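Those sequence lines, one after another, are chains A and B. Just so we're aligned, residue 1 is where the first sequence starts under this note's numbering, counting upward by one. Just so we're aligned, residue 1 is where the second sequence starts under this note's numbering, counting upward by one.
These are computed hints drawn from the structure, not numbers from a lab. Among the clues, some could well be false.
All copies of an identical chain are treated as equivalent in the list; a pair is satisfied when it fits inside any one copy or across any two copies.
Derived pair list, reagent style DSS-like, types lysine-lysine, alpha-carbon separation capped at 25 angstroms [said to hold, decoys possible]:
| hint | residue 1 | residue 2 |
| --- | --- | --- |
| 1 | K462 | K485 |
| 2 | K353 | K488 |
| 3 | K138 | K342 |
| 4 | K485 | K346 |
| 5 | K103 | K62 |
| 6 | K231 | K94 |
| 7 | K403 | K353 |
| 8 | K395 | K485 |
| 9 | K472 | K462 |
| 10 | K343 | K417 |
| 11 | K94 | K62 |
| 12 | K403 | K488 |
| 13 | K346 | K488 |
| 14 | K231 | K88 |
| 15 | K283 | K462 |
| 16 | K231 | K342 |
| 17 | K403 | K485 |
| 18 | K263 | K247 |
| 19 | K339 | K485 |
| 20 | K372 | K62 |
| 21 | K138 | K62 |
Here the structure is a predicted model, which means the values were calculated and not measured.
Each chain, letter by letter, is given below.
Number of protein chains: 2
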Amino acid sequence: MQPLYIHNSLSRKKELFEAINPPHVGMYVCGPTVYSNVHLGNVRTFLSFDVIYRYLEFIGYKVRYVRNITDVGHLVGDTDEGEDKIGKIARLQKIEPMEVVQKYTNDFHDVMRVFNILPPSIEPTATGHIIEQISSIKKIIENGYAYLVNGSVYFSVRKFSEDYPYGELSGRKIDELMNNTRDLDGQSDKRDPLDFALWKNADDSHLMRWPSPWGIGFPGWHLECSVMSTKYLGEEFDIHGGGMDLKFPHHECEIAQNIGANKNPNPIRYWIHGNMLTVNGRKMAKSEGNGFTPEELITGNHKLLERGYSPMTVRFFMLMGHYASTLDFSNDALQAAEKGLKKLCKGIDTLIKLSGGKVPNENVDINAFKEKCYNAMNDDFNTPVLIATLFDGIKTINATAEKIIELSQNQIDQLLKIYVDFVEHVLGIEWDTAFKTEEEVSMIMNEVNLVEQLVNLRSELKENKDWDNADKIRNILSEFGITIKDSKEGSTWSHE
Amino acid sequence: MQPLYIHNSLSRKKELFEAINPPHVGMYVCGPTVYSNVHLGNVRTFLSFDVIYRYLEFIGYKVRYVRNITDVGHLVGDTDEGEDKIGKIARLQKIEPMEVVQKYTNDFHDVMRVFNILPPSIEPTATGHIIEQISSIKKIIENGYAYLVNGSVYFSVRKFSEDYPYGELSGRKIDELMNNTRDLDGQSDKRDPLDFALWKNADDSHLMRWPSPWGIGFPGWHLECSVMSTKYLGEEFDIHGGGMDLKFPHHECEIAQNIGANKNPNPIRYWIHGNMLTVNGRKMAKSEGNGFTPEELITGNHKLLERGYSPMTVRFFMLMGHYASTLDFSNDALQAAEKGLKKLCKGIDTLIKLSGGKVPNENVDINAFKEKCYNAMNDDFNTPVLIATLFDGIKTINATAEKIIELSQNQIDQLLKIYVDFVEHVLGIEWDTAFKTEEEVSMIMNEVNLVEQLVNLRSELKENKDWDNADKIRNILSEFGITIKDSKEGSTWSHE
Numbered sequence: 001m002q003p004l005y006i007h008n009s010l011s012r013k014k015e016l017f018e019a020i021n022p023p024h025v026g027m028y029v030c031g032p033t034v035y036s037n038v039h040l041g042n043v044r045t046f047l048s049f050d051v052i053y054r055y056l057e058f059i060g061y062k063v064r065y066v067r068n069i070t071d072v073g074h075l076v077g078d079t080d081e082g083e084d085k086i087g088k089i090a091r092l093q094k095i096e097p098m099e100v101v102q103k104y105t106n107d108f109h110d111v112m113r114v115f116n117i118l119p120p121s122i123e124p125t126a127t128g129h130i131i132e133q134i135s136s137i138k139k140i141i142e143n144g145y146a147y148l149v150n151g152s153v154y155f156s157v158r159k160f161s162e163d164y165p166y167g168e169l170s171g172r173k174i175d176e177l178m179n180n181t182r183d184l185d186g187q188s189d190k191r192d193p194l195d196f197a198l199w200k201n202a203d204d205s206h207l208m209r210w211p212s213p214w215g216i217g218f219p220g221w222h223l224e225c226s227v228m229s230t231k232y233l234g235e236e237f238d239i240h241g242g243g244m245d246l247k248f249p250h251h252e253c254e255i256a257q258n259i260g261a262n263k264n265p266n267p268i269r270y271w272i273h274g275n276m277l278t279v280n281g282r283k284m285a286k287s288e289g290n291g292f293t294p295e296e297l298i299t300g301n302h303k304l305l306e307r308g309y310s311p312m313t314v315r316f317f318m319l320m321g322h323y324a325s326t327l328d329f330s331n332d333a334l335q336a337a338e339k340g341l342k343k344l345c346k347g348i349d350t351l352i353k354l355s356g357g358k359v360p361n362e363n364v365d366i367n368a369f370k371e372k373c374y375n376a377m378n379d380d381f382n383t384p385v386l387i388a389t390l391f392d393g394i395k396t397i398n399a400t401a402e403k404i405i406e407l408s409q410n411q412i413d414q415l416l417k418i419y420v421d422f423v424e425h426v427l428g429i430e431w432d433t434a435f436k437t438e439e440e441v442s443m444i445m446n447e448v449n450l451v452e453q454l455v456n457l458r459s460e461l462k463e464n465k466d467w468d469n470a471d472k473i474r475n476i477l478s479e480f481g482i483t484i485k486d487s488k489e490g491s492t493w494s495h496e
Numbered sequence: 001m002q003p004l005y006i007h008n009s010l011s012r013k014k015e016l017f018e019a020i021n022p023p024h025v026g027m028y029v030c031g032p033t034v035y036s037n038v039h040l041g042n043v044r045t046f047l048s049f050d051v052i053y054r055y056l057e058f059i060g061y062k063v064r065y066v067r068n069i070t071d072v073g074h075l076v077g078d079t080d081e082g083e084d085k086i087g088k089i090a091r092l093q094k095i096e097p098m099e100v101v102q103k104y105t106n107d108f109h110d111v112m113r114v115f116n117i118l119p120p121s122i123e124p125t126a127t128g129h130i131i132e133q134i135s136s137i138k139k140i141i142e143n144g145y146a147y148l149v150n151g152s153v154y155f156s157v158r159k160f161s162e163d164y165p166y167g168e169l170s171g172r173k174i175d176e177l178m179n180n181t182r183d184l185d186g187q188s189d190k191r192d193p194l195d196f197a198l199w200k201n202a203d204d205s206h207l208m209r210w211p212s213p214w215g216i217g218f219p220g221w222h223l224e225c226s227v228m229s230t231k232y233l234g235e236e237f238d239i240h241g242g243g244m245d246l247k248f249p250h251h252e253c254e255i256a257q258n259i260g261a262n263k264n265p266n267p268i269r270y271w272i273h274g275n276m277l278t279v280n281g282r283k284m285a286k287s288e289g290n291g292f293t294p295e296e297l298i299t300g301n302h303k304l305l306e307r308g309y310s311p312m313t314v315r316f317f318m319l320m321g322h323y324a325s326t327l328d329f330s331n332d333a334l335q336a337a338e339k340g341l342k343k344l345c346k347g348i349d350t351l352i353k354l355s356g357g358k359v360p361n362e363n364v365d366i367n368a369f370k371e372k373c374y375n376a377m378n379d380d381f382n383t384p385v386l387i388a389t390l391f392d393g394i395k396t397i398n399a400t401a402e403k404i405i406e407l408s409q410n411q412i413d414q415l416l417k418i419y420v421d422f423v424e425h426v427l428g429i430e431w432d433t434a435f436k437t438e439e440e441v442s443m444i445m446n447e448v449n450l451v452e453q454l455v456n457l458r459s460e461l462k463e464n465k466d467w468d469n470a471d472k473i474r475n476i477l478s479e480f481g482i483t484i485k486d487s488k489e490g491s492t493w494s495h496e
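Chain A on its own, in the form it takes in the complex (with noise of 0.2 angstroms):
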């Protein structure tokens, strides 16, 4: 078996990956800033980790997986002047920025819960590390890396780069930074427009904010990710993630707090990036009118939709594809990832079904093909090479459901605990329930009317002096519970 290789987006490499402290893993995924309800990029970049998650778990790591909540410092337009995007909501509310972010906290749980994203080990806020992230502050500051200008502290990335690589993870050079700058417009403290905010000033119109040694204000946005993750997994630690679109500045200001505060020069040893989603091969975006809601994808309430799709089809609509690819949108990829569920549903249930017999079958290699489950994901967690290879698999499973081959009761409980592993575990499908969620509802009502309409049926078969088929209704109805009474009024049915 191969062990276990990641693309470090650090190195642009995959890498052997190697934990810091096995059998212990420390990994770190950027969460929401919660202002706003998720949409559908978020939960594919935390599924993505989610998968990850489960796969370090289900190989015997013990992760501590810390994901973020961002509550504060997050600006409009994710600048470093200008309003707070969760004050802001709570301005135009008129309530308090905290019924902001509980609110959108709970949206953010619920969809994760209906998607079957764990939760993290550890879901720090940003407000929660205030003296934290100004303790980090002060050590920047001693370091020779910030400096103080009218109550704000900003990190000077010039300096830094004297000292340490500035720009590697999203190869980029300090001077062509330099050059695609826009100048400082005179209104900024900084000295430098790379510099970028460890702590803002902030005036009676910031909602939140709190006293510091350099006066009231709030911390900056990039501040949080590089404070929680230290404290919680230490100066150095295996694995940091989020969506490719925080590459830069986010994680790149990240590193440079990290080194800045602690001097430890390889603070993470395992960058992981997943990418975005597409519509129909356009971006996806509220602007465009195609970024639908988690809601809306269910129930297929949007334009774009031609109908709604179980939320445990879209979990493996995206883990067809790989997490560091795009992956498009349309309704024929999502009825294709349906029908393909589908199929590897009743592929399992028909596993679950079959008998063997004593003598295992030398043709068929179950360890092989256990290897090929591991290996794929060993891949830098390529879950379409895992998906094909249970696809692959129902192949003997229903060869051995039609006699044409037959295998041993043993390979039949090998094979069932290798789909159960890596579908349910690994990939994280409640397949025995995959299909439930909207019809369950609507099969109820239907019960009740189709049961209504049998009743109709037998009254018209008992006018017509079908006693034979109105009786055989009768017991069909009986058998599940449901009596019939007849009286002068016409048939009435009750539920046992």
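Since the structure of chain A is provided, determine the placement of chain B on it from the hints.
Frame of chain A; chain B shown alone:
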């Protein structure tokens, strides 16, 4: 209609409810310390305040409902010395305290969801408000009500009591408290046994600690609630709730801290305390072996339970008692509640199907009935009286269904609105799914079998050349999206 009266634990009287800043109401409820799974006593407390929250919103208030999560500072034994409850679990399990916090916060949220208890508007954490707690301690010291010893800060109850009353809420007198208090053991830094910690100096053995003007440490347990209620609801707010066991010392200390920091002598208008659960007449406690979990109650997997009860049955059972009375758990009482809830749900079902005439029945006064419902809740949220009133109304519904009396359609519509309002929105009973949890799954299985049998019946009818009825079955099934395909091998069916 009588206006809303609330039994104020502070005055020990029912008082007319007057909001400070209508239509806004600020309500703070002490939430869980997240170091173990939620027990049913907690569920009852949060359910009581859920109904209070729902009712206040129902009658038109805009409630900002703050319920905290205690994730630091609550020490084993509820004292001022020793180990943090969460820190202890973290030490024993060799994990981060925040991993303990995350695990039991998730559990708490899951349980709240199961019992249909709404999330609060803001759910702040103690660790998220260290800076605010430090600021508050500074103010209390400045006001002369706290002192520093060896890096810890204590609240001076005696000094405070010279300026403001202490013990009003719990009805304790300072001198009696003194006589009943054990002497200081010489280990403590307190000047007086009545004093309590605002900030505790902490050595390396404490996993959770922060820098402060008094050295490294952590906040005292009582402080967070004062600080977070003030931050989100203001120096004076309307309602403070919690379990009866928190009245002393926790809530007494909160009042002292609020006044000590802000010198506002009347910080909280109405104090509401929920009473406890007993089991077969004995106090529910883990040590008694009668402290079953919500899960055990639902599954029936506990030696004291004859069988499981649905979450809505448990919710209904709890609301059959007044929040301020003790409530005794027994199989008999739960089964009575289940029967009652079934009766109520069936009543609503009957009501939905009723159709009425044009002439109102003058002997049935729907407005008087509605007023009785409001009056029950306006009398200190008296849910048992409300439920009795709703049961009373079912007599009218049944009499109408049995054609003993007649109602106009308008009267029926009004009645239905009252039931939906009070059962669904005020009591929070999901009446339409109250009993579906278990049945749902079996019904779905049933439908599949039912369809299977109908397809067989149709085949038989066809064999008997009864084309007419065979077609009827095909048409009925087709209406429910089920297609029958005939082939040489027989008939198969598929769901659209």
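Hint check results:
no. : hint           : in the structure
1   : K462 with K485 : within (13 angstroms within a copy, 28 angstroms between copies)
2   : K353 with K488 : between (46 angstroms within a copy, 20 angstroms between copies)
3   : K138 with K342 : neither (56 angstroms within a copy, 63 angstroms between copies)
4   : K485 with K346 : between (39 angstroms within a copy, 18 angstroms between copies)
5   : K103 with K62  : between (32 angstroms within a copy, 15 angstroms between copies)
6   : K231 with K94  : between (34 angstroms within a copy, 16 angstroms between copies)
7   : K403 with K353 : within (13 angstroms within a copy, 54 angstroms between copies)
8   : K395 with K485 : between (50 angstroms within a copy, 24 angstroms between copies)
9   : K472 with K462 : both (11 angstroms within a copy, 14 angstroms between copies)
10  : K343 with K417 : within (18 angstroms within a copy, 46 angstroms between copies)
11  : K94 with K62   : between (44 angstroms within a copy, 12 angstroms between copies)
12  : K403 with K488 : between (54 angstroms within a copy, 16 angstroms between copies)
13  : K346 with K488 : between (47 angstroms within a copy, 24 angstroms between copies)
14  : K231 with K88  : between (29 angstroms within a copy, 19 angstroms between copies)
15  : K283 with K462 : neither (62 angstroms within a copy, 55 angstroms between copies)
16  : K231 with K342 : neither (44 angstroms within a copy, 52 angstroms between copies)
17  : K403 with K485 : between (47 angstroms within a copy, 20 angstroms between copies)
18  : K263 with K247 : within (21 angstroms within a copy, 50 angstroms between copies)
19  : K339 with K485 : between (43 angstroms within a copy, 20 angstroms between copies)
20  : K372 with K62  : within (24 angstroms within a copy, 58 angstroms between copies)
21  : K138 with K62  : neither (33 angstroms within a copy, 42 angstroms between copies)
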